[in-house]
Amino acid sequence: MADKPVYEEASIDGQPSKLASIPASDTTVWADASPLLQAACAGLRDGELIHGDNFNLFAAMSALEIMDPKMDSGIVCTYYSIDEAIENGAAPIPISLDSTIDVCRTIDIMDHLLACEAAWHKGHSVAQTVFSCIYLLRLDRTAPHALLHSYCRIIRATCKAVVSVVSDARTHEEEDLFTLTYGLPLNGDGDDKCLSILNAVEETISRQLRACKATSSKRRLPEDLEPLQSNPNLEEGFCKALLCRLRFRKHFFHVLSCMKRPQGRGLESARKNIASCLTELESILKSADFLRSCFDESCEGDIDDKTTASGFEPIGFDAMLNSRLSAPTPPRAIKILSWKKAVEYFVKLLHDLDVICSYSLDPHLESLLRFVVQFQKSQPDLVARSHLQLLLVQDGKLYGRDPFFAVINKAAALPEATKNHDIQKNESFLQLGMLVMNLLKILCTNAAWQRRKLGKFLQDWRVIYVQLELAFRNEYGEVSSSSNDENTCMKIFQHILLWVEEQTFWIAFRFLILGFELELYSTGEYCMVYWYLYAVLIKLAEKTHLMMAVSHDTAKRKGKKKKDSPKDLARESRIPPAVLFLQCYICLAEGLTMMLAALRNEIPVFHGPSPFNTEQEKFVQHFELLQRACIPDHVSYLSYKESTTHARFSISHLHFDPDASYV
Amino acid sequence: MEQEVGESLIQLGNSDGSNSSSSDPVTRVRKLLFRRMLVGIKDGRFFLGTFHCLDKQGNIILQDTIEYRSTRRSSPCPMEQRCLGLVLIPSSCQNSCHVDCSVEEQLSLLKV
Numbered sequence: 149m150a151d152k153p154v155y156e157e158a159s160i161d162g163q164p165s166k167l168a169s170i171p172a173s174d175t176t177v178w179a180d181a182s183p184l185l186q187a188a189c190a191g192l193r194d195g196e197l198i199h200g201d202n203f204n205l206f207a208a209m210s211a212l213e214i215m216d217p218k219m220d221s222g223i224v225c226t227y228y229s230i231d232e233a234i235e236n237g238a239a240p241i242p243i244s245l246d247s248t249i250d251v252c253r254t255i256d257i258m259d260h261l262l263a264c265e266a267a268w269h270k271g272h273s274v275a276q277t278v279f280s281c282i283y284l285l286r287l288d289r290t291a292p293h294a295l296l297h298s299y300c301r302i303i304r305a306t307c308k309a310v311v312s313v314v315s316d317a318r319t320h321e322e323e324d325l326f327t328l329t330y331g332l333p334l335n336g337d338g339d340d341k342c343l344s345i346l347n348a349v350e351e352t353i354s355r356q357l358r359a360c361k362a363t364s365s366k367r368r369l370p371e372d373l374e375p376l377q378s379n380p381n382l383e384e385g386f387c388k389a390l391l392c393r394l395r396f397r398k399h400f401f402h403v404l405s406c407m408k409r410p411q412g413r414g415l416e417s418a419r420k421n422i423a424s425c426l427t428e429l430e431s432i433l434k435s436a437d438f439l440r441s442c443f444d445e446s447c448e449g450d451i452d453d454k455t456t457a458s459g460f461e462p463i464g465f466d467a468m469l470n471s472r473l474s475a476p477t478p479p480r481a482i483k484i485l486s487w488k489k490a491v492e493y494f495v496k497l498l499h500d501l502d503v504i505c506s507y508s509l510d511p512h513l514e515s516l517l518r519f520v521v522q523f524q525k526s527q528p529d530l531v532a533r534s535h536l537q538l539l540l541v542q543d544g545k546l547y548g549r550d551p552f553f554a555v556i557n558k559a560a561a562l563p564e565a566t567k568n569h570d571i572q573k574n575e576s577f578l579q580l581g582m583l584v585m586n587l588l589k590i591l592c593t594n595a596a597w598q599r600r601k602l603g604k605f606l607q608d609w610r611v612i613y614v615q616l617e618l619a620f621r622n623e624y625g626e627v628s629s630s631s632n633d634e635n636t637c638m639k640i641f642q643h644i645l646l647w648v649e650e651q652t653f654w655i656a657f658r659f660l661i662l663g664f665e666l667e668l669y670s671t672g673e674y675c676m677v678y679w680y681l682y683a684v685l686i687k688l689a690e691k692t693h694l695m696m697a698v699s700h701d702t703a704k705r706k707g708k709k710k711k712d713s714p715k716d717l718a719r720e721s722r723i724p725p726a727v728l729f730l731q732c733y734i735c736l737a738e739g740l741t742m743m744l745a746a747l748r749n750e751i752p753v754f755h756g757p758s759p760f761n762t763e764q765e766k767f768v769q770h771f772e773l774l775q776r777a778c779i780p781d782h783v784s785y786l787s788y789k790e791s792t793t794h795a796r797f798s799i800s801h802l803h804f805d806p807d808a809s810y811v
Numbered sequence: 166m167e168q169e170v171g172e173s174l175i176q177l178g179n180s181d182g183s184n185s186s187s188s189d190p191v192t193r194v195r196k197l198l199f200r201r202m203l204v205g206i207k208d209g210r211f212f213l214g215t216f217h218c219l220d221k222q223g224n225i226i227l228q229d230t231i232e233y234r235s236t237r238r239s240s241p242c243p244m245e246q247r248c249l250g251l252v253l254i255p256s257s258c259q260n261s262c263h264v265d266c267s268v269e270e271q272l273s274l275l276k277v
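So the protein sequences, as listed, match chains P and V. Heads up, the final residue of the first sequence is numbered 811 in our numbering, and it's a clean run with no missing numbers. Heads up, the final residue of the second sequence is numbered 277 in our numbering, and it's a clean run with no missing numbers.
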């Protein structure tokens, strides 16, 4: 089989010469089989196939059909290859011999690349977006054009950094396209020097800006500097437009580098760079007015849809050239984000990253979980979420710093001394550590994926509880002996068992609430969902309260010597705020359940049965995963029906006519 | 030379020369299954794969296919290749179809 590229004479009809370029092998030749095949086709009956034993019609349906535009990505479009496109002037260097136009078009390329980058982050393939740029695909040839070259270099280095973060996070989300680069040139020699190259260009333009300002104020500068472009009226505007774009890239690259540093060491520097990025983005937006007005010709079409600030189409982009590289099948048609939306995307991304960087790396698991849940409410995109996940879980430790057993130890209100106890080497405790780690990773994924994973996760938490309980019973089934260490072990087991239950109910609660966020429940199902939430919340509050009582005991035991003051006694009998908060939720859930049940029981219009599944089938569908994990125990459709069948509004309190129709 | 081999393929029979059904083209094409086949199509590309299936309309399915394609419209130019897997080539876009044939087989064919 031919492994090396071979040369051939192009001639559509000259089959023999082309065949010579694909030699069969050393000992075989190509024999024309068309007459034989034609004869065979004539001899076949209708619907008859010639195939071997391994043929499967169903599998054959997945074959790529050649010349079908939806399946064949090799169909020739404008150019046969990137090199042919370049030879035909699709990506000229310099872009124009007129330096003013050259600068203007370069800015267009920069803007379009930003739009492509945002489209990529949002979930499209990098081949169709950022790497639709011919200049990026053959970066070395841009060397004579310092501005374009430095910009392309930093884009490439930035893309590589982002791909590496998302791959490391390994969230396996639907945006799998993100990390597949299909052999695109993401790794470049010397990209580590991209910042110094960029700085050099920035320095030159800064001097050009100073020079043109000096000229306008009639001051003379000692240096003899060539201006950026040929039109002195536009020099200041172009310099400023370029500077903010270059600076944005520089600061953004710094943000990524700082956030990558282990154990959150670079978070403060990252915040400073984020602030600079946001400032530069503002300047970039402001530059749009100048760029649109610098030439007399105005662009056609709605400016808001354009991918550049000036409104002109950028030169040097062709998404089809890459289609052979992006996948065996052609990619679906995508729309690159408009330039304005791209800037908005980056503003949001930077704000999300800022929230992450401001986090205090709290060693308390409860606060961390609250932080992550709160962060997710702003609907951060993949890049931000990957950064969060990598901050939280590094090297198998929390923040790369705290071993998970120590974290669990603290969360289970065990004394500091037990965090290094040997019991953590026990298989079940090791697994528990993994579960906590996986929980954090799952909580950083997008809502849909998260809910699916959490549902399956409940089973794992139930199993670990049973395993721990079994281990506990096996070792301490009898009354505890006097050994101090055994007492400690027993205490560890007891605390952790209680904590595992509390966590399990918390996960169940998140699972149900996410269903509302994802709009998975129809209004007719709200009653049963709130009822189930009520059941779960009661158990969660119970376990939380127990957990706090146990931790209070532990604290009390520490301060054994002090006498119980009246204030301490009062504090003991007060319900902790966390539990009170849960009780509020419980009241809400109960109230909503009863209200919806009463409405259904009393007002005919709410009572219509669905033409599809019965209520019981819906109950099973929604809560199957919870039921399988017995969360909570003794809860079933029957108990739901029992609780809600007799719900009524008391007529004396309300004034409505039950026979009227409420549409 | 190729044309002769082509004609020889039509006359390809069992080497022990048994019953007359061995000269049936359908049977002979069956013997070509799992052999390497090179199909040229109208836009100039070639597909090299294992012959997997043929239907009455002349559509061909190849397995473990490699696509060969020129990188320039004009000549001379290097050819690119990439792997595609299972591929269906409709008869309407086929230009040519060749099967690899050992030299010995050719010689034995010529004998027949």
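The set of hints was computed from the structure by calculation and includes no laboratory data. Don't take each hint at face value.
What the hints assert, rightly or not - Mimicking DSS-like on lysine-lysine, the simulated pairs with C-alpha atoms at most 30 Å apart in a straight line are:
hint: 1; chain 1: P; residue 1: 496; chain 2: P; residue 2: 341
hint: 2; chain 1: P; residue 1: 408; chain 2: P; residue 2: 488
hint: 3; chain 1: P; residue 1: 308; chain 2: P; residue 2: 604
hint: 4; chain 1: P; residue 1: 218; chain 2: V; residue 2: 196
hint: 5; chain 1: V; residue 1: 221; chain 2: P; residue 2: 218
hint: 6; chain 1: P; residue 1: 604; chain 2: P; residue 2: 589
All values derive from a computational prediction rather than experimental measurement.
Okay, the hints, checked on the actual structure:
1. P:496 / P:341: holds, 29 Å
2. P:408 / P:488: holds, 28 Å
3. P:308 / P:604: violated, 33 Å
4. P:218 / V:196: violated, 33 Å
5. V:221 / P:218: holds, 25 Å
6. P:604 / P:589: holds, 14 Å
Hint compliance for this structure: hints 3 and 4 are broken, all remaining hints hold.
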